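Based on these hints, arrange chain B with the ligands on the given structure of chain A.
Just so you know, the sequences run in chain order A and B. Residues in the first sequence are numbered consecutively from 1, following the working numbering. Residues in the second sequence are numbered consecutively from 1001, following the working numbering.
If you're looking for bench data, these hints aren't it; they were derived computationally from the structure. Note that the structure is predicted; figures quoted are calculated from it, not measured. Watch out, some of these pointers could steer you wrong.
Said to hold, decoys possible - The list that follows gives simulated cross-link-like pairs (lysine-lysine, DSS-like), each with its CA atoms no further than 30 Å apart:
#1 B/Lys1133 / A/Lys16
#2 B/Lys1010 / B/Lys1072
#3 B/Lys1010 / B/Lys1181
#4 B/Lys1283 / B/Lys1181
#5 B/Lys1181 / A/Lys12
#6 A/Lys240 / B/Lys1154
#7 B/Lys1010 / A/Lys240
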Amino acid sequence: MRSWIAFWNILKKDVKNYYLKPPNISWGIIFPLSWTLMQLIRSPGGSILELLPGLISMSVLFGTTSMLAVTITFERSGRSFERLLLAPISLNTLVLAKISGTVLFGLFNAFVPVFFASFFVDLKGMVWGVAFFAVLMIAITSSLMGLLIAVSAEQVFEAQTFSNFFRFPMLFLCGLFVPIAKLPVFLRPVSYCLPLTYGADILKGMINATNTLSPVLSFAILLIFTVLLFLVCRSNINRKWIL
Amino acid sequence: MEMVSVRNLKKTYGDVTAVDGISFDIRRGEIFGLLGPNGAGKTSTINMIIGLSRPTGGDIAVNGIDVKKQTKKAQALMGIVPDESNLYNEMDGFDNLCFCAALYGMRKDEREPRARELLEQFRLTEAGKRPFKAYSKGMRRKLTIAAALIHSPKILFLDEPTTGIDVESSRQIRDMIVGLKHQGTTILLTTHYIEEAERICDRIAFLANGQIVASGTVPELMERVTHGHAIRFVTGENAERLAPELQTRFEGSEVMIGADHSLVMETENRQSLLPVMQFFHEKGIDVYEAKELHPSLEDAFVELTGIESSVMKEEKEKGGRR
Ligand SMILES: Nc1ncnc2c1ncn2[C@@H]1O[C@H](COP(=O)(O)OP(=O)(O)OP(=O)(O)O)[C@@H](O)[C@H]1O
Ligand SMILES: [Mg+2]
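In isolation and in its complexed conformation, chain A is listed as follows (with noise of 0.2 Å):
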């Protein structure tokens, strides 16, 4: 109970105080809409529906990793974050509040893609709900990146620095641009290790079944990849924060 007031009242001060600031939204539409035209300006033949995975995959992720590491760098050169390492709640609810409003952010910047894509074409073939659900691991994975950021950033630039510094060569190792059999040879092992590698892979397949691995697999790795985040977030947090 004392717990949940807790978690719940984290997350609604981070959703009021931050994702719902007017720069964060305009960021979180005007972002994944710039990823869209682009697209199509490039490639204008192409088909909505195979950059689609990649829009929705390179919108989560632009969007929660960095927001993360930012908003916990900028808490903690203020010290409020102390506030949260002193209250009687666990790590553990301290971590899931933290990550909760992010991962929120990160869906509401997944829908944007596809709710332009759907003046374009007809979305109603799709596998919405599996699709939701790898979007969901997506922004899972990439808040707890974002937390691990942040965990050795000291200062905001640094966050930020850090952010980009795994969130492109994530992108271009993913197999949305480039297919992971088209990849170097030694470039595949690192494709493989990578959370987003997994997530599009079976977003490809919700949306135009040009996936690779069994959906099955994918949501098992990422399973296992948040698991791993999460307890390497809360080790992490324990050694580095409580010094």
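Here is chain B with the ligands on its own, set in the frame of chain A:
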């Protein structure tokens, strides 16, 4: 059982020893002061007790709970005011208090009346509607203290509550601290204001270089440096030349010349004034003032820690921030 019990507490950062094996107890319902200059290890000590930092060695119990093992259980009893006011800038005063209450599991119908009550008590009702970032330094401090009290903690930790705050706000904060004590809250505060410690603390520990040099009530600390009695005489004309003669006349006394050419006479036992006055009278010297001198806590601090009190004063002027 003591409210807080600290044994052989130690903290090192690399080769810096911030806290060097200190032990003390805080009794229920008292105000305990950790007094020391910058870098003495005050914040390091508090941070270990509240579970924000891990001790390199030693044991801490709060209300009988081992802080190292059951950190969260112990934290539920604590109210914490850090050395910097650290509420959320973008939220207003009222929301800040309600949010802090929620962290301690208080329901909406509990936290809202409590937040209003505290805003009123701290005379921040009007400011409660404004964002924290628009607050003055004194207001920020007061709201941070209010936030620490929101869940009515059994023990309150205040790290330099009045540093950098104007005289009037400091006074209000001190009155509030004493008021809390009367309501039964146990309080640990750190300060480098000697007078502040003297005025409100029931017991004080002098901290220097990570060690407790002395501790006790103010009279107990004074006793350790009071070796006799001293009287200061303010005379009509320069009476410095009489010092040696005065010293010979009153056996066992030691006569020194004060800064303003006054004479200070120290004796083992209490010295009656009349014979001394007669001595001055014989010499044809007028005496306008004779005053028994009592050592101040400042003298005790200087003598016991070897730190010049001016060091602490300079820090006070700088605002004492690292
Ligand atoms: N995180 C840290 N890393 C390295 N050294 C530290 C750290 N925190 C404190 N110290 C060192 O430990 C010593 C004690 O510092 P502490 O902050 O506890 O002193 P303090 O009594 O609170 O001083 P102040 O009056 O300035 O607040 C100092 O020498 C300080 O430089
Ligand atoms: Mg300090």
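Verification of the hints:
Our distance criterion of 30 Å between C-alpha atoms is met by B/Lys1133 and A/Lys16, whose separation comes to about 17 Å. Distance restraint check for B/Lys1010 and B/Lys1072: the Cα-Cα separation of roughly 21 Å lies within the 30 Å cut-off, and the hinted pair is therefore satisfied. Between B/Lys1010 and B/Lys1181 the alpha-carbon distance is near 28 Å, which keeps this suggested pair within the 30 Å criterion. Taking the CA atoms of B/Lys1283 and B/Lys1181, the gap is near 55 Å; set against the 30 Å cutoff, the hint is violated.
Only pairs whose Cα atoms come within 30 Å are accepted, and B/Lys1181 paired with A/Lys12 is rejected, the gap being roughly 35 Å. Distance check on the hinted pair: A/Lys240 and B/Lys1154 sit about 29 Å apart at the alpha-carbon level, within 30 Å; holds. This hinted pair checks out: B/Lys1010 and A/Lys240 have alpha carbons roughly 19 Å apart, not beyond 30 Å.
In this structure, the hints that do not hold are numbers 4, 5, in rising order.
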